[in-house]
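**Student:** Can you build the whole structure from these sequences, using the hints too?
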Amino acid sequence: MEGASAPAVRDAGHEIGLHGYSHENPVSLTLEQQRDILDHTYNLLTEFNNGVPPKGSMAPWWETSKEGTALLLEKGIEYDHSNMAHDSQAFYLRDQDLWTKIDYKAKAEAWMKPLVRGKATGLVEIPANWYLDDLPPLMFIKSSPNSHGWVNTRDVEQLWKDMFTYLYREEENFIFPITIHPDVSGRPHVLLMLERFIEWVNTHADVHWVPMIDMANEFRARVARPPAR
Numbered sequence: 001m002e003g004a005s006a007p008a009v010r011d012a013g014h015e016i017g018l019h020g021y022s023h024e025n026p027v028s029l030t031l032e033q034q035r036d037i038l039d040h041t042y043n044l045l046t047e048f049n050n051g052v053p054p055k056g057s058m059a060p061w062w063e064t065s066k067e068g069t070a071l072l073l074e075k076g077i078e079y080d081h082s083n084m085a086h087d088s089q090a091f092y093l094r095d096q097d098l099w100t101k102i103d104y105k106a107k108a109e110a111w112m113k114p115l116v117r118g119k120a121t122g123l124v125e126i127p128a129n130w131y132l133d134d135l136p137p138l139m140f141i142k143s144s145p146n147s148h149g150w151v152n153t154r155d156v157e158q159l160w161k162d163m164f165t166y167l168y169r170e171e172e173n174f175i176f177p178i179t180i181h182p183d184v185s186g187r188p189h190v191l192l193m194l195e196r197f198i199e200w201v202n203t204h205a206d207v208h209w210v211p212m213i214d215m216a217n218e219f220r221a222r223v224a225r226p227p228a229r
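The opening residue of the sequence shown carries number 1 in full-length UniProt numbering; numbering runs sequentially from there.
Keep in mind the hints are simulated off the structure, nothing from the lab.
Quick list of in silico lysine to any residue cross-link-like pairs, SDA-like style, CA-CA up to 25 Å:
id : residue 1 : residue 2
1  : K101      : L31
2  : K66       : P227
3  : K66       : D36
Restraint-style ranges between C-beta atoms, simulated for each label pair:
id : residue 1 : residue 2 : range
4  : K161      : Y104      : 37 to 47 Å
5  : D103      : R187      : 43 to 53 Å
6  : E15       : T165      : 19 to 29 Å
7  : A108      : A8        : 54 to 64 Å
8  : Y166      : V52       : 33 to 43 Å
Cβ coordinates follow ideal geometry from the N, Cα and C atoms, glycine included.
**Tutor:** Right under this line is the structure:
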């Protein structure tokens with residue numbers, strides 16, 4: 001967000017969360033850099049939002065570092081939207097899983113080791129989903145060899161409808177986490193797709209458009225936090 005659009009979004013009551021400073025990849029940062037960016041952006045958003053601190057975070061590129069969860073918890077962040085252990089249900093994020101990397105030069109027995117599960121945390125995960133992101137099919141990136149940008153929006157729309165139809169039929173309390181970008185969904189043909197899709201979703205009963213913090217709070221009230229391990 002920039003210019004006059006940012007206050008307009010805030011004043012309309014929309015939730016504003018953490019998303020890095022310049023879309024830097026957390027995996028490429030040192031611990032000190034990550035902490036400095038988190039502190040700075042947290043303070044910036046709190047001041048911008050009239051003293052109300054951000055409650056949620058979405059990692060740039062949906063890339064999460066090994067230190068990221070602990071840093072968010074230290075800051076009092078209540079939910080994250082970067083991980084994909086489930087497509088459509090909130091869950092409590094587990095941190096510090098360990099596994100042995102495949103080494104093709106070593107004997108298989110050297111790396112055939114079971115996953116060591118990490119510790120449960122109280123951070124609620126609102127699942128991310130690449131198939132519900134507008135950017136991969138609808139944005140042309142000159143430097144990216146697998147870039148798209150000319151995908152028919154009706155193909156994307158039908159994919160989203162099929163996913164929604166299945167979840168609406170099969171799951172209770174499901175989340176449909178669409179991710180849209182201003183430089184993608186701000187284009188006329190994509191705006192028309194969003195209008196059609198939103199109008200179609202609204203023909204279904206018991207569907208609610210809510211901020212992610214409301215999703216996290218509803219999940220906490222319904223599902224007990226797992227014991228720490």
